[in-house]
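Okay, here's what each chain looks like letter by letter:
Number of protein chains: 4
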Amino acid sequence: MTAVFDHLWLRGLFGDDEAAAIWAPHRQFAHMLAFEAAYTRALGAVGKAHPDAAEMVAKTIEGFKPDIADLRTGTAFDGVPIPALIDQLRRAAGNNGKIVHTGATSQDVIDTALSLALREFNLLVDRRISNITEALTQLIEQFGENALMGQTRMQAALPISVADRLRTWLDPLNDHQKRLRAIKPQVELLQLGGPVGNRTSMAPHGDAIAAHMASELKLANPSNCWHTKRDGLADYASIMSLITGSLGKMGQDVCLMAQHGVDEVALVSGGQSSAMPHKKNPILAELLVALARFNATQLSGMHHALVHEQERSGAAWMLEWMTLPQMAMVTARSLSAAHHLVETITSVGCLAAAQAAS
Amino acid sequence: MTAVFDHLWLRGLFGDDEAAAIWAPHRQFAHMLAFEAAYTRALGAVGKAHPDAAEMVAKTIEGFKPDIADLRTGTAFDGVPIPALIDQLRRAAGNNGKIVHTGATSQDVIDTALSLALREFNLLVDRRISNITEALTQLIEQFGENALMGQTRMQAALPISVADRLRTWLDPLNDHQKRLRAIKPQVELLQLGGPVGNRTSMAPHGDAIAAHMASELKLANPSNCWHTKRDGLADYASIMSLITGSLGKMGQDVCLMAQHGVDEVALVSGGQSSAMPHKKNPILAELLVALARFNATQLSGMHHALVHEQERSGAAWMLEWMTLPQMAMVTARSLSAAHHLVETITSVGCLAAAQAAS
Amino acid sequence: MTAVFDHLWLRGLFGDDEAAAIWAPHRQFAHMLAFEAAYTRALGAVGKAHPDAAEMVAKTIEGFKPDIADLRTGTAFDGVPIPALIDQLRRAAGNNGKIVHTGATSQDVIDTALSLALREFNLLVDRRISNITEALTQLIEQFGENALMGQTRMQAALPISVADRLRTWLDPLNDHQKRLRAIKPQVELLQLGGPVGNRTSMAPHGDAIAAHMASELKLANPSNCWHTKRDGLADYASIMSLITGSLGKMGQDVCLMAQHGVDEVALVSGGQSSAMPHKKNPILAELLVALARFNATQLSGMHHALVHEQERSGAAWMLEWMTLPQMAMVTARSLSAAHHLVETITSVGCLAAAQAAS
Amino acid sequence: MTAVFDHLWLRGLFGDDEAAAIWAPHRQFAHMLAFEAAYTRALGAVGKAHPDAAEMVAKTIEGFKPDIADLRTGTAFDGVPIPALIDQLRRAAGNNGKIVHTGATSQDVIDTALSLALREFNLLVDRRISNITEALTQLIEQFGENALMGQTRMQAALPISVADRLRTWLDPLNDHQKRLRAIKPQVELLQLGGPVGNRTSMAPHGDAIAAHMASELKLANPSNCWHTKRDGLADYASIMSLITGSLGKMGQDVCLMAQHGVDEVALVSGGQSSAMPHKKNPILAELLVALARFNATQLSGMHHALVHEQERSGAAWMLEWMTLPQMAMVTARSLSAAHHLVETITSVGCLAAAQAAS
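Those sequence lines, one after another, are chains A, B, C and D.
If you count the first sequence from 1, position 171 lands on 262 in the working numbering, and the numbers rise without skipping.
If you count the second sequence from 1, position 159 lands on 250 in the working numbering, and the numbers rise without skipping.
If you count the third sequence from 1, position 73 lands on 164 in the working numbering, and the numbers rise without skipping.
If you count the fourth sequence from 1, position 164 lands on 255 in the working numbering, and the numbers rise without skipping.
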C-alpha cells in the first residue's frame, strides 16, 4: 500500500472510492470474464463451436470464481494472468474446455477489459465535470459582479470582475467534456486480434466474431486490432492531464487568492496545522496543483509507451499498466477535490480592487 | 547554436529547412506585424481611430524594418519584445503613433503570431503525413503479400504478412491526420484580450475588433481570449508527440528488422561507420526512435505549463516558448525522415517465415 | 489497489514483499511514533519537560495503537495525519499530554519518518546490488570467454567476448553502490525545524533537542532543517533511476540476445503465451525495461518538487509523497528481477561470432 | 533558430554568451581535433606509428580547417560527422593519412569532445555558484535581521527573519557546488574503446594509448570505456536540474514576495508591460521558475537514454545530444539570472511581520 490512493490514511486525501471501485482488480476480473464469455458465445454464433456448448461454457465463465493466488503466480511467470486464468476456466468447463479462448490472445482479453473499465470511468468523469461546471456557474451568478484585482506575471494589473477570473476556470472544463465525448469511440472499443494481431487464428470468421462481441459488450468495433496502435490510449491520457492541468490552474489561483493579506477568497474551512491553530490551510487547492503536476509527469510515460515494437511489446504494455490507472485515479480525485473546493467558497472578491475600479 | 536543429553539422541529421523557415524569428516578426496592422485597421473600422490614419499606420507597420538589437535588449528587460517593438512602431508612425497597439497587450501579439505560425506548420504536417501514407501504401502494394515472422514480446510468434506489419505503421498516421484537421480551429485562432484578458481596454468595441481581425488574419475567432487557457496548445503538443511516437514505433521495427541475421528489410543505404566500413547503420530508423522519446519527454513540459496562474503566468508562458517550437521541429523532421526511410526500403519480407508459413 | 505493486495478481510480477514491508503504512506509523517518543525524551533531557514525565509519555507513545479511521479523516481535512495523531497521543498521555509534539511541526514528523524508512530501504538496495554483482561475476567466470557478436547501432559490428558485454552490465552497478553509500548522510537525517523551520519554537534548546534526537534515532543531524531544501531527496531519486536505468539496459540486451535466430542467451524458463505454447517470453527482461522507463519518467516529478515555495509547499510535498515511494518500489523490484534473470541464464555466447572471430 | 538560447531577440532573455561559446560547434570541433591529435601522438608514443610521422600528422590536425558543409552532409548520411571528418583529415595528412583515427571509433571522438566541453563548463558553473553565494551572503548581512512573515502552505504562519528565508536559498547552492566538484572525474574523462568498446582494435597498446591521451588532454582515464555506461552523464544532468530547481525555488519565492500588497522584496527594476506602464514585472524571478521546470522535464530524457542497448545505441546517444547541451545552457542562464536578480534586490523584509513579531 505504497500508493497514495490506497494508503491507510493518505487515501483520506488522495483516494476516491467511486473511482477505486471501477479500477478494482475484482472489477477488472469481471471484465476479463465478460470478454471470455462473449468470445465463447461468438464462437458458437459463427459455428466455430456448437452453440449450446458455447452458451453453457459462457454461463460457466460468467459465474466463475477465480483462484487469485494461482493468477498471481501465473502473472509472475507469464507476465500476464491470462494463461493461468484460461487453465482455470478450461478445467471448470470440463469437456468443453477447449472452446475457451481458443484463437484469442492474452492482449485481446486485457485490453478489452481496459476498454470496459474506461467506459465506466468516462461516465464518472463526464458527470463530475458537469457537477463542477454547475457549481462554478452558480458561483459566478453569486459573486461574478464583484471586483477582483487582475494579476499578470504575479503583479497587480487592472481590476477585473470575479466572473472574468472564474470563466477562465469554467471554459476549459467545457472543452474537456467535449474532448472526452469525442474520444470515447477510440478507447471504448473491442480488442480482438489473436496471437499476432491479424485474426488469422479465427479465420475465416474473425470479423464476424468481432462484430458479435462488440455488439454483446457494447463496445466500438474497429476494423483492425490495436495491439500495437496505442495512440488512442496516449491521447486519452492527454485528456486526463488536460483536466487535471486546468483544475491545477484553479487550485493555484485559489492558493494565491487565499493568501493572508490578499484575502480574495474565503473558504468555509481549511486544514489545521499541528503547530499553528490559527492557520487555515487551503489543502484542496494545493492538492489540485500536486495532482496536475503528477499527471503532467505521468503523461510522458504513456507517450514513451507508443514505441511499441513489432506485434506486441511486453515492456511498453507494462509501462501502460503502471501509468494509466493511476492517471485515472488522479483525475477522478482532482475532479472531486475541485468540486468540494468550489463548494467551500463562501465569498470571492476584493474590496480594494472594487475601490480601485470605481 | 547548441540546438541540434540549427547546429552547423548536426542539422544535417536533425534539421528541416522547410520547418525552420516557418519558425524562423523573421517569420515570427512578420506575424507580429500582421497582428499590429490588423489591430490598427480594426481600430479604424470600429471608430476607435480615424480610418484613414489607421490605414496609413497599418501600411507603415507592414513595411516596417525592426531594430533587432533593440528588440533583444527590450526582451531582456521586459520578458517580451513587444514594449520595445511598440516604441519602434510608434516612432515610425509619427503623429499617429498612439493608435498603435493601444488597448492590446503583449500576449495578444505573441500568441496570435504563434497561431499564424501553427497555421503554416499544420499545412506542412498534413502534407507530409499524406506523403508517408502514400509511400507506405505503395510499399504494401509491392511487398504486402510477402511473409514475415510475427514477433510478440520480442520472440518469434507466428508468420504474418508484410502487409499486416506495415498496416500498423500506416493506420495511426491516418488517425493523426484526422486529429490534426480537427484541432486546427483550437490552435489557429486569434488571441485578443487586452491587458487583463477581458477586452475592457477596447470597450465597447472589443468583440467587433476581434471579428475584424480574425477575418483579416483568417483565424478562428473564439468568444473569449485564451491568455491562461492553454489546453489547446497542450493538446496540440500531444498530437505532435502521437505522430513522432507512431513513427518511433516504425523506426524501432525497422531497426529490429534490419538486424544482421534477421534481414527482414533491405535499405538502399545506411550510415557508414568510421571504424567498420562493412556496416550499414539504420540511421534514420534510430533517429525516429530518438525523436519519439524526445517529444514524449517534452510533452510533459507543455502540460506543466497548464498551471498558468491568475491572468497571465510569465513562467508558464516562457516554458511554452522553450518547448513547443522544438516539438514542432522534431515532428517535422520525424515526418521527413520517416518518408525518406520508407523510400529507401528496397525489399521487405523473410524467406524463413515464408517457409514456416507454407 | 490500482497500483501494480499491491494489485491482487499484478503484484506477482511487479510486487516485492520485502520492500513493501519497509514502505507499509504501519511501518511508517511506527517511524512517526519513534519521532514523537524521541522528541518527548529530548524535551525532558533539555529541561523543557520533567524528565520522568517525558519518559512516561515516550513509553506511552511507543506502545500506542492508533485509530486509523480518525487519522484518515484527519488527513482529508488537514492534508497530513499529524494533527489527528497528536490529538490521539495527547489524550493517551493524559495530564502530560501537552508535552507531546509541542514546538515541533507536522513536517518534522513526516520527513523524519521518511528518513527512517530510507535507512531501512538503503540496506535492502545495497545488499541486492551486491547479490547481482556477485551473480554477474559468476556468469563472467563461467561464460566470459565465449564469443559474442558486438552490436553497434543494432548492427553486427565485430566479435567481442561475453565478458566484454557483461562488464557493461556489472560496472555501473558498482558505481551505483558507491553513490548510494555516499548519499546516505543526505537522506538518513533528522528533520527538525518547528512551525517555520528555524527552531525558534524550541528556543533556546533547538539544537540540543536535535542532537538528542539524532543520537536516539541514529540519524545524521544537519545544522539546519530541510523543510524546503529537497535536493537530497531529488538526488536520491536520481540514484534510484540510475539503478533501474542500468538494469533496463541489461534487460534490453537480454531481450535482443534472446531473439529467435539470434539465440545468444539461453534462459532456463520464460513466460508462457496463452495462444502459443512454443514461445518462451523473456518476461523479466522486458520488466526491467518497463521499470527503467517508469522511473525515468517519475524522476521528473521529483525535480519539479524542488520548486518548493516559502517555508513549506503543500503541493510540492504531496508530489513527493506520490512519487518517491513508488520509485523505491520499482527500484527494489528491478533489483530482484535482475537478480532472478541473471540466475536463470544457462548459457551466453554465440557460435557464429566465435567462428567469425577465429 | 527556434531554440530560445540562439533566437534573434529571445536570447536577450534566455541566452548566455559565455556558455554559448563553450557549447559552440566550432569549439566542439576544436575538441574533436584535440582528440584526433592526441590519439595520433599516442599511436606514435606506443609504436603503432612512427613518432615523427605521428607528430607531423598531429600538427596537421591541430591546424586543420574543416569543410563544414561536407561534415553536415556526412552527418546526414552517417549519423555522426566523424567519417566525413576522418576523410578530410586523411586527405590533409597525405601519405600519413592512414595513421589518422585508425583503431578509434566515432564515439571515442564525440564523447571525449563532450568531456572537454564539460570541463570548461564546470569551471563556469562553479564560479557562478560562488558568485551567487557571495551575493546572497551579502544580502543576508545587509537585511538578514529584518523580519518577514513565515509562510507555510501559502498561508501566513509566524514571523521569521530575512536570514531564515535567505539561508534556504543559499544552503542548497553550497551543496550543489560540492556535488559538482565530486562528479568531475566521472564526466571529465577520456572515452576510448574502439569500434566495439574493448580496445582490441588498438591491441596490445589500448591501455597505454589511453594513458597517453588522458595525460595530454588532462582528462580522467577510466579503466574501461563508457560507450554504453551513461550513468555519469545522467547523474550530471541531475545536478544541473538540482541547481536550476533550487534557483527556481528562489525565483518562486521572489515572485510571491514581490506581489503588490505583500511587498516583502523591492527590486531596482522590473520588466515593463506594453499595456500597463505602472507595472514592474519580476521577469528574472519568473525566468528562474521556467528554467527549473524545463530542466526537470529534460532530465527524464537523459534517464531514458540510460537504456542504451548492446555496444552502442544510436537512438539513446542522439537523445543525449538533443538534451544535455540545452540543459547546460539553461543551467548557465539560471545562474546568471539568479545572480542578477539578487543584485537588483534593494530591500527585503516586512514591517507588518516586524510588528507582529514584536
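Mixed in with the good hints there might be a few duds.
For chains that are exact copies, the list does not tell them apart, and a pair is met inside one copy or across any two.
Claimed, not checked - Below, computed lysine to aspartate or glutamate pairings styled on DMTMM-like, alpha-carbon distance capped at 20 Å:
# : residue 1 : residue 2
1 : 156       : 211
2 : 139       : 298
3 : 371       : 434
4 : 275       : 161
5 : 370       : 97
6 : 370       : 178
7 : 309       : 225
8 : 139       : 434
Source of the hints: derived by calculation from the structure; they are not laboratory data.
Note that the coordinates shown come from a computational prediction; the quantities given were computed from them, not determined experimentally.
Checked hints:
1. 156 / 211: Neither: 22 Å inside a copy, 39 Å across copies.
2. 139 / 298: Only inside one copy: residue 139 and residue 298 sit 13 Å apart there, 64 Å across copies, limit 20 Å.
3. 371 / 434: This pair counts as within: shortest intra-copy Cα distance 16 Å, inter-copy 35 Å.
4. 275 / 161: neither (34 Å within a copy, 39 Å between copies)
5. 370 / 97: neither (28 Å within a copy, 36 Å between copies)
6. 370 / 178: between (59 Å within a copy, 17 Å between copies)
7. 309 / 225: neither (30 Å within a copy, 34 Å between copies)
8. 139 / 434: Classified as neither: same-chain Cα gap 57 Å, cross-chain 42 Å, threshold 20 Å.
This entry does not satisfy hints 1, 4, 5, 7 and 8, going by the numbered hints stated previously.
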